[in-house]
Structures are given as C-alpha cells and as structure tokens.
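Trainee: Each chain, written out:
Number of protein chains: 4
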Amino acid sequence: MEQDDTMLGRARVSDTPELTAYYGELEALDAGALWTVANDIEPWYPQPKSVPVLWRYEELRPLVHKALGMVKADDAGRRVVMLVNPGRKDVSAAAGLLYTGLQIMGPGEAMTAHRHQAAALRFVHEGTGAWTVVDGQKLKVGPRDFAITPNGTWHEHGNDGEDGPVIWQDGLDIPLVNALDAGFYEVHPELHQTPGKVVNSSVLQYAANLLPYGSERWSRPYSPLLAYPWEPTYEALLGLAEASEGSPYDGIIAEYTNPVTGGSVMPTMGAHMQLLRPGQATRAHRHTGSVIYTAAKGHGVSVIAGQRFAWRQGDIFCVPSWAWHEHHNLDQSEDACLFSFNDFPVMRSLGFHREEAYPDHDGHQPMPAATGAAATGAAATGAAAVPTATA
Amino acid sequence: MEQDDTMLGRARVSDTPELTAYYGELEALDAGALWTVANDIEPWYPQPKSVPVLWRYEELRPLVHKALGMVKADDAGRRVVMLVNPGRKDVSAAAGLLYTGLQIMGPGEAMTAHRHQAAALRFVHEGTGAWTVVDGQKLKVGPRDFAITPNGTWHEHGNDGEDGPVIWQDGLDIPLVNALDAGFYEVHPELHQTPGKVVNSSVLQYAANLLPYGSERWSRPYSPLLAYPWEPTYEALLGLAEASEGSPYDGIIAEYTNPVTGGSVMPTMGAHMQLLRPGQATRAHRHTGSVIYTAAKGHGVSVIAGQRFAWRQGDIFCVPSWAWHEHHNLDQSEDACLFSFNDFPVMRSLGFHREEAYPDHDGHQPMPAATGAAATGAAATGAAAVPTATA
Amino acid sequence: MEQDDTMLGRARVSDTPELTAYYGELEALDAGALWTVANDIEPWYPQPKSVPVLWRYEELRPLVHKALGMVKADDAGRRVVMLVNPGRKDVSAAAGLLYTGLQIMGPGEAMTAHRHQAAALRFVHEGTGAWTVVDGQKLKVGPRDFAITPNGTWHEHGNDGEDGPVIWQDGLDIPLVNALDAGFYEVHPELHQTPGKVVNSSVLQYAANLLPYGSERWSRPYSPLLAYPWEPTYEALLGLAEASEGSPYDGIIAEYTNPVTGGSVMPTMGAHMQLLRPGQATRAHRHTGSVIYTAAKGHGVSVIAGQRFAWRQGDIFCVPSWAWHEHHNLDQSEDACLFSFNDFPVMRSLGFHREEAYPDHDGHQPMPAATGAAATGAAATGAAAVPTATA
Amino acid sequence: MEQDDTMLGRARVSDTPELTAYYGELEALDAGALWTVANDIEPWYPQPKSVPVLWRYEELRPLVHKALGMVKADDAGRRVVMLVNPGRKDVSAAAGLLYTGLQIMGPGEAMTAHRHQAAALRFVHEGTGAWTVVDGQKLKVGPRDFAITPNGTWHEHGNDGEDGPVIWQDGLDIPLVNALDAGFYEVHPELHQTPGKVVNSSVLQYAANLLPYGSERWSRPYSPLLAYPWEPTYEALLGLAEASEGSPYDGIIAEYTNPVTGGSVMPTMGAHMQLLRPGQATRAHRHTGSVIYTAAKGHGVSVIAGQRFAWRQGDIFCVPSWAWHEHHNLDQSEDACLFSFNDFPVMRSLGFHREEAYPDHDGHQPMPAATGAAATGAAATGAAAVPTATA
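Chains as they are written, first to last, in full-length UniProt numbering: chain P, 1 to 391; chain U, 1 to 391; chain A, 1 to 391; chain X, 1 to 391.
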C-alpha cells in the first residue's frame, strides 16, 4: 500500500499569509490547526526517537567501578551508571520508555529502603554477595539470576560478600511512569526493613508447577515469586531445546512468569531468557514494543534495523519499537544466551501489539559489512534500511 | 442459629385426605406440591449420600492382579477395579460425583485409543513401564507420578516394561458429566495415535516458572503440561516446608497447576500433594466439595466425620462434602504424603465453595477408639458425630 | 462414525461363573469391575433421564389457585406447584438439574425471609401486586418481568395488590446444588428484612449501557441488577429485529445480562427472551445443557426430539440436553415470544458446551402428525426419532 | 511523611571537578550517572507538564467556523481545531497523553476513510447532520451524543444535514500511542467504505441489559456498541439520581460501558457523563490519570489545583494527573451535566491507579477570588496551592 503524504487522506495544506495569521489566532487561545501536525503525529508506522545502541561491558565496567570510589552510596541513593539512548536523553531511557543501568555495591555496603510507583528488575552481572529485601523478604542473588521489585514494594539492597563488589543491571519503567504522570516515591520511615528469617522464601515456595496453600488469595498484579535463579532457568532452556524447535525469530525462548497467573512478572515489564544453539542464526521480525537485551552467555551478532552489533557476555543492547532484528550465535560449539526485558505487557494491555516477519532473503536483513555502535534518525526505524518493509 | 423443621420458614404441612387427593391431581399433570419435598431438597446443610470409606491397597491389589488373567484388555476396554461408595452405587462414584479405580496393565500390553467428555487423571501406584499417549504426546510415568488426560483429548495407555504389571489409579469426573447429561465417547478411527518423537515433551517444556514460546496461544481450558513427576514434586514440598508453616488443616500442601493460567489442571478436577511433618496432626475443617485421597508415602490416621481411618502407602479414602476431617502422621521421624483429587474447581466456578474450621477442642474431633471401614447414613455428614456443628 | 457397543474400544466382556464370583469378591470391598458398567456410564452421547414435557397453563392454573385455599403460606414456606419431569421425580427436576414451579400469593400475603445456596429466578405470569425484597432491595414486578434471587441472598416475597392473586414462575438450580452436595438453608433471624426506601433501586441504577459509580467495586459472582422489566426487554427485541437476522435456531434472541461483566445473570443459570417473527419457523439444533421455556406472548409449536408440542401464552415446556429442537410461530401477523432459562453457564464453566445443527431436510425434523404431551425413554434423546443424528 | 530532597534516601551529590570529568566520560559511552537525575525522574508525586486549562466554546467557535472557508476538507484530512495544553505543545496533547479538538463539517461534506492505531471518540456539540461509518456501520449522531471509533477500525465522517455545519469534539489517544512508539496509519484502499443498510445498527442491538445472539463471539478489546445517544443517557442519570447518592466527588456519575464486558469502551480511554444536582458542590479529590471535561448542560465552576474555572455549555477544560478538583453547579434550579473522557483504563491496566480525598475544609479547596484561564508550572500540581497535601 502506498504511503505518501501528498495523497488524498493525508494533510496537505500549504501555508498562506491568511493561514499563518489564523494559526496565530488559534495559538492565542491555546489551540492549533490539526492539519499542521497531523502527518507527524499520525505516522504511517512507528517513528521511535530511540536508536539501536550497544553498550560494551568492558568499556562500562571501569567507569562503574570508578563510581564506587567517587560517590558514597548514601549520597547517591543508588550508585548507578545508567545507559542513555542518544535519542532519549530527555527522559533518561535506554529505549522507548524503559530505563536501564549498572549498579555497583561494595563489600559490606547496604542501601536504605524506599518504594516507588516504578517497577524494577535486576539481572546480576558479577559478584556473589548481592542481596535485596523486597517487602520484607530477603533474597540472595548471584550471576545471571533474575529478580523483581514490583511497583510499590519496599526494597533495599546490599552486598554482604567478601570477594569484591557486586554489579547488577537495573531495569525500570521510570520513563513510562513519568510519561503517564504517575510517579510516587517514598523513603522507608525507618530507613530499613526487618526481613523474615527464611532467605529466598518465595523461591522455595514456587517450584515444579505447584502452587502452595494461600496462593489463591494472592491478589496483587505481580508475581509473588521474586527471584528466578540461573541454574534451573538454564536447565529449563536445555529441556525446552530437546522438546521444541523454539521460535524462528528468537531460538529457544521462554518468559519468566508469574506462577499464580501464568502472566508476565509485572504489569508493565516482561522478561525472557533465550538460548541460541551453536551457530544458530534466527530470522528477522519486528514488533511494537521496546526491548533491552543483555548477553548472558557466549558471543554473537544481532542485526538491528540493518545495523550489525557484535556482542559478548555482559554487553547490553536495545531494539527500538518496530525495528527489524535477528540474532546470530557465532560460536559453532557452544550455545549463547540472551536475557532481555521489555514493555510487551503494556503493548498487550493497551491493544498495541503488532508483529511481522521480515519478508525477503529467507528472513534475513542485508548484512552490512561494518559494525555500528549507534545510529540515529530514520535509519533506526528500519524503514530506510529495509525499504521493502513499507512498499 | 436454630435448625428445626418445625419452625416458621420451613414446610410443615400435614397430610389430610383433601391434600392427598390434591397431590394425585397434581401428579396426573406431571406436577407436585413443593412443600411435600421442600425440607428434603433444601436441607440446612449438605446431605451427601456418600459416606467416608477407606479402601486398603493390600486387600484390593490381589483382586486387581486377578483381573489381569480373567479379562482381556481388548474386551474390557480398560481393566479397572473401580472403588464404589456404598451410598453412590447408582452412579459408580467413589465420593460425590467423582469416580476412581485401579487399572492394571501387563507387560507389553497396549489399550486402544479413545476420547470422551469426561476428564481423567492418573496416579501411579506401582510398576515402571507405564506410558500414555495424550493427543499425540507420549508420556512415561512411574510410581507417584501424576498425569492428566483432559476432557476431549485422545488417549491410549500401555506398559512397555519387563518387570511386571503396572497399577495406576484413575480419577474421572464421569458421574459429574452424567449428572449434567453431557457425556460423549469416541473410539479413535485408527484405534491408535501416532505419537511425536519426544517423550514427556510437555514436562520438558514447562519448568522453572518459565513459559515457552507459543504458550500465549494456548487457549484450551486445561493445562498444556500433562505429567507432574514425583521427584520435583517432593522436592518442592520439602522447600515449601522450609519456607512456610503450611495450612493448619493440611500441613504442607500444594496444588498441581496449569502453568499457563495458575489455575487447576482441569476445569472440573483439581489435584494436590501434601506433606505431613513427622508426628504432625492437623486441625479439622470441612468444606463443600468431595475429595479422594491416596496415601503416597508413610502411614497415618485421618478422622472423617468422627470416624477414624488408618492408612498406609497405597490406601485410598474419601471425604464427602461438608464432612469434618483432619490428618495425623503417625510416624515420629518420617514425613508422610497424601495425594488427592477433588471437584473444587466446580465448587469455585459455580459459587458453591464454603469452608469452616472445627470450632472445638483446639480444632480436633473427638477421637473414637475403633477404626471404621465404612459408615452409612447420617453419621457421614458429621452432624451426628459433632453435634455442635449444627446447634 | 460407527457407534456400536460390540466394537473394539468398548467393554464387551460376557458373564461367566468365574467372573460372577469375582464381582462378588469386589463388592465385598466396596469395589466393582469397570467393564460391567463402562458402556452405560460412558455413553456415545448424552442419555438424559429427562424427557420433553409441555405443561399447559390452563390445566395447571386451577390447581395452583386451589393451593391458595388448601395450605397457609406460613405452613408451606412457599405455596408452589412444582413441575416434575417424569424421568426426574427422584430429584424434583423439570429437566436436567433445573427445578421450576408456579408460586401463588394472595392479596396481602407476605412470606418470611430466608436464603439458600440455590439460586432462584422469577418470571411473572399474572397479577400486578407482586413484590420481592432481595438483600434489602424492594422490587415490584409485573407480568412478563424477569427477576433474580442470586445464590446466598436473603429474600422474601409478597403481594400487595388488591386485584387478586399473583402467579409467578420460580426457576431454581436446587437439583444441581444437591447433586453437588452443596445445599445450605437459613431462615432470616428476624423473619423479615428492612428494605431500603427506593423501590426497584437496581433497575434505576443500571440502564442505557452506563455503569454507575461504585460498580467497579461489585465483586459478587452475579448481577447487581435484580429485575428486568418486560417493556424495555420487548422494545430491545424489536430493535434487534430491525438490525439483525438473529439466530437460525432461535430467531431474535437475547440473553439477560449482568451489566458489570456482560456475563450471565448468575453463575449457574442464564435466561433469555426470544421473539419469533410472524410465521417464523426456526431450524433445529441441539446442544448440551437443559432449557425450560415459557410462552410469554403468542402461540406456536416446538418440535423437540421429534415430538410436536403446541404452546400458547403461559405454557411451560422443557428441552433436555442434546435433544433436537426447533420453534414455529403459528401466527402469521403477530410475533411470539418465549422466555427461557437454562444451565448454560455451568456447561461453559466446566467445558461441557457442545452444539450442532440438524443436518437434514433444510434443518427441520420430520414433523409428526400428533401432539405429544409427554414422552419417556429413548425417544427423548432424539436418537431414535432422528436416526441420522448418530449414524 | 517528610518529602525533602536533602534527606537520606534521595540523591544529594554535589558537583566537583572530578565528577564533572567523570560525567563527560560517561556521556561519551551513551551513559550517565543516575544520581544526577534521580530526584527529577523519581519525584515524590506526579509532576505533570500539563496545566489546568479551560477553553471557552464561544471563543473557539468563530475560529472553528473560519476553518470551513479556509481549508478544504480533502486537503486537511480532517478540519480540526485542536486544543493544546501550554505544557504539552511538543506532543499536541490537551492534558497528559490525551488529544482533543473541535472538528467542523459543512453540509454535504464527507471525509475519506482511514484507520489508525490511535483510538478516537466523539462528542457532538452542535448540528444535526453528522454521520460516521465505523467498520462498515453507519451511525447518525446528534448533539450530546457520544460515539467511539476504536483502535484499528476503518472510519469516515460527514454531514448530510441541510441546516448548517456540524461541530463535534474529537478525543484521541494519539500522544499515548506516540509515547509508546506504536502508531500506524492507513488510508482506505477505496477511499470509502460501503456501509450496511441499517443505520445505528449497534445502538439497536445493545439495549436494556440484554446481549444479542452472537455477542459471545465478540473478542475485540473494545465495545461492539459504537454510539450512546444523549436521551437515554440523560434518563439513566435521572433514574440513578433517584436511587443513589452518587459520588461525593462527582455527583451522579456513570461510565459509558462495553456491554459485552462491563468494562470501559476502549482499552486506552474511558468516558463518563455526570449530573450535578441544582446547586450541588462536590468535594475535592485527586487521582492519577488525566481528564478532559466538556460542559454538556448548564453552567458551573470547577476548582482545579486551587484555580477557579467557570464553565457553561460547550466549554472544555482539563484536569491533569494528581491535581485536586471539585465541581459546583451554580444553577439553583437546573441540573448541570459534564461529559468527560480519560486515560483511566491505562492507569488500571498498568497498576498506576491511585486516588485520595482532599482532607481539609470539609473536602473543599480554598476558593480563590479570580478565575484562571490557564496556569503553568508548580501551581498546577496542587502542591503549592494545597500545602497540606504533601506535608
């Protein structure tokens, strides 16, 4: 279908002196003429300001460590290097309305407790002493573990290890909360919670497709299971690889789930772990919704909106809404794993989910020769890079 | 609150010759006077015809084995000794509208495939060669494994072991289906299905609180996970016991769940596994809904409607609707486990769920001296045995 | 598909002296051999004990009036002539697990208040003074109005008119409640409720596809709207007839709905009003679930399981589960209306809904010459009358 | 609870030369230090950029009429004067992420058909000839009627009246769709739809709390009822006023509802009509979520974030998220009605709904003497105007 702003059905009014004067009259009344902005605010397809970006862990890590010495945890609130999309500096987003950052905590450190409307999730990069207390439940998390801090829960973190700092990645929906004018923040009246005695209590309670006594009374909109350790997750993916072909676009992929509902872990953000078989190259697709990926294991390449991004363990990269993307495990003998989180629950709740497969070249975008670190503007939408998409 | 059929608000019309004649006139028109039956059909509290029964595995087992030689599998359809409540012979129910039986399959035997409106579940008692194919998925199940054959799925079973027969317990909602005039039955047009290559495919796909790609398209009203092996189930209960006090009435109890919804495995029957700590004696409660229990591990005593039932591994017993019941693990050093299935999903869907705690003696029914094998009539309701309940 | 009990896949074990002895051994243990009952309890298709019946209002009315003089309201509880299916006398059902009856209240009479697990609905046949108080809300209902008394609500009724008795039809799920051993009954501690001042409060609050303030907090499993007056119902059907072809099986049909959920009025029973255009003859279909119809307007004929039932205003008839049925408005100039209630919500909740169109003769069953008043046995299933259905 | 950015638990790092250099290093890697923005992006309570604004219909109307002569409908796409919040010019929003505008169509005009990801709604201000065709259904709408054009439906509009132009108000979620990078737009391949023969088909089909045959198959996330005429809406409010006290904050208020689900008309926007009794002054509350109000009948005053806005029929005003607001019908003998639409469905889906009552002065904000036309900055949040709210 033709998509041309000069066609009947689009706004195509040219400026005249009379119209310019008229626009001034409107502006004086806090009004305007729709046709002056219609084509911009009703685009043919999504026009994200976010661009594909890859952040290299080996570049970020020294700067994250540097923060440890430069600011006190108590002064920073949280000592976090946030990753900022060049197109979204105004809202501190890594992509779309999603925020991410790398938080460091030194041995023995503990943050104060707070809660906020924004939901948070964690993915541990390194270090063994990390703990978090969420609504009174103490959780210990290690490398590649995934944990959540749902909307409105009291939380505080720390590192009780002795073998060095912990670095974990935070993911939050702060830009979404702010876009909807819904942000609240509270410092815990006693600055710290009193945790229950059993560590990882919810991990012990939710397992093996069984729901414990009392689950039928759980009525909050998020998962009562607050942490998802790496080992059983990886084992589950290996089992899934035996039993299933997986997704043509993502390989062996599974969503971390709220065991009480089978839904996403939180109402605003979902998270997945995926496994690419040795040498596997998935097909490209695109969808509404933004995704932040973290290479959890192995090394490979992802092609996003026609740009090539090589990643290895620890690297973080983003796929803006409606950008074509595909993944390639470059190792011929080892599998590779990608952790990711997204705003798909929002897309689905609001009826905004849309997806399509890349139609040409057996599902693969033309592979460019060079590696892009970040691109801006129209290229990111995939439209320019993949002209067939809108023809 | 007083419950007396002579009080205002209850039917209390005495027969007279005129009324008797009138009732005859009504009957001739396929009609009747409500007040002649009102107090019976609107009882103060449930009046199940089912009575508490315990079936001893050591008594049943020889007769189940005997069936192996007496009838051919092909002639029997399925070679099953069903357990029949003395009060429900008319509908072949073990309790309420639930059917159960012990099915035996000799080494090398295979049944033909069929499907029906009734839903089925299996709990394996003994033997290692049991398999079932459900809608094309081959499952291997061993002792204490739980598996389902939902409403409308093609299924066939067999035993490919070499070390003797398999005995598993079937649980079905046949009496419910018939009470609602909703039964259908079909023999598979080719008598056998062609199973997929991967054995236990759904067990591999649903694990660790992750949902695989494609789960969002599952729209059937039952669990896509068709088998729940014993080992992870038991481990989950041990973990739960570390993290939780459990239920005062059931100890450490968890429901086998549909991972896609967090609901019961099927819309008409739910199933639980529970663990009683060494020496644990739970408090009594009663609820609407019927339950069939199987002792999966250990030995103990359950008091049901004031009667004492001693059980050991393999024994099966039932708790009729609204009967008081409590469980006691008699072993002071080992835990005991009870598998059970029920019609609670029906109670909840229809708004019939009701539950109450036994109010006296710290929650324990007066313990009678003798062991009852089966009781009939009013005693089963708990009303006679526990007069305070209705006073 | 062949349906023959001698085929492989069905039970076909002949009695032998050894088996007879074996069955005796089983019975002594409260057990039995499944294959002796399997074909009966797992039929090829539903085998309801209910038969199609039509109850003529002109025959029942004099007997209903007679009750007014013969028993006091206070002694009867409720003065009701119940309609009893010849195949379901054991459970006082009119069809399936549904109860219905005609209740009469003389001028100035008032019943005492009670509540029960069973849900009730009312359809007014005649008289203008009927009132009911449901959980404190006073409702006035007139001819052809539909009202509900959901599961667990306190209720009491009366007639404050001066122009004679009121006769309304009760519909309840008493047999269902009893089949599930879930019945409870309570007399109001003060025998009467204190109603709020506004009559028909919920009728005033739920109208025009608007939900009033507070509706978002309604969490009960039934409609907060308790009465559905005839006039707007009939107008809605006339509007629907302008805009829609309606159902091929039911003409212009609409379900009374819970405005807060769009679902059925109660979790165990639904109700419809349908309009047949002048001369309209619908096609036949059959479905699981039982239906009780009341001719609300006009006259016609329904063919049920091959039997012809002529009805006029006030008559009541039933369609058992899985019986073929079709309706014919015999008036060439006036529309006809049928009120009906059913157990479809149960069928849907439990996954038992199944439906099929009559495949032959343009969708019409062979029309027999004579009118049946009641039929028994196999004929009612439609199988014998319509042999093509099961071939 | 104290809310002070210098307290422990907030970011309070002062700039130093070392830190400034560090921030530069971070920026070079598309990164930043969270503590430099944390207090801004995690505010104590919502900080909308939107301010309360009232747009006077008598001021806008001449300019809307002027557009009729200045631009051709075919060139404008739609001839709309949009209302732009001074704080949201960047996204063309009237408040929050909601867009609104006044559209004019001359006699005989018809627009071309298109569809988009954004959802739309209409509220008619004046003129009798307005029609719209939504997914093939032709609707005629008159003054004060409410209609919807859900997400993804083909639609086109026109005016077939002879008595002058039509002016209606559009409400869309365009800014929300863009914030989530989810916008799509298509021109109808034939420029016009072929409407069905029955006008207002869905209005005829959904009435009187009845659901027509086929409704059970409706699976789209929006209402099948596409127009809500004024007369039955007003009558419903009058009935509601008889039966209910209504809301302390909104008087007699009801939500236009999807009859199939009882939910909001669309997944991203809800709409209400409310009636203020003669002289009624409601109490103040505040909530997350933005609201656009249109005075549908009568005249009054609303106090929003401490500013007084006087309105009369046709005027439009907005309440930003978390701003205190209350309404006052200034007429002592006539009721007043406010139409409004909002993003509450988004707030609820995402778990962002929060509400609180104004705690002081019997629920009334201090009434300022002067009328504000528009205010900017902190005043709009209500925090400055109502210091007790955050103390």
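Careful: at least some of the hints might be erroneous.
Given that identical chains are not distinguished, each listed pair holds provided it fits within a single copy or across any two copies.
[As the list claims (entries may be wrong)] No more than 20 Å apart at the CA atoms, straight line, and that leaves these computed lysine to aspartate or glutamate pairs for EDC-like:
id	residue 1	residue 2
1	Lys297	Glu59
2	Lys49	Asp90
3	Lys138	Glu245
4	Lys72	Asp331
5	Lys72	Glu18
6	Lys197	Asp135
7	Lys89	Asp170
8	Lys89	Glu27
9	Lys297	Asp145
10	Lys140	Asp75
No lab work stands behind these hints: they were computed from the structure.
Trainee: May I ask which of the numbered hints given earlier this structure violates, with the numbers listed in increasing order?
Mentor: 4, 10
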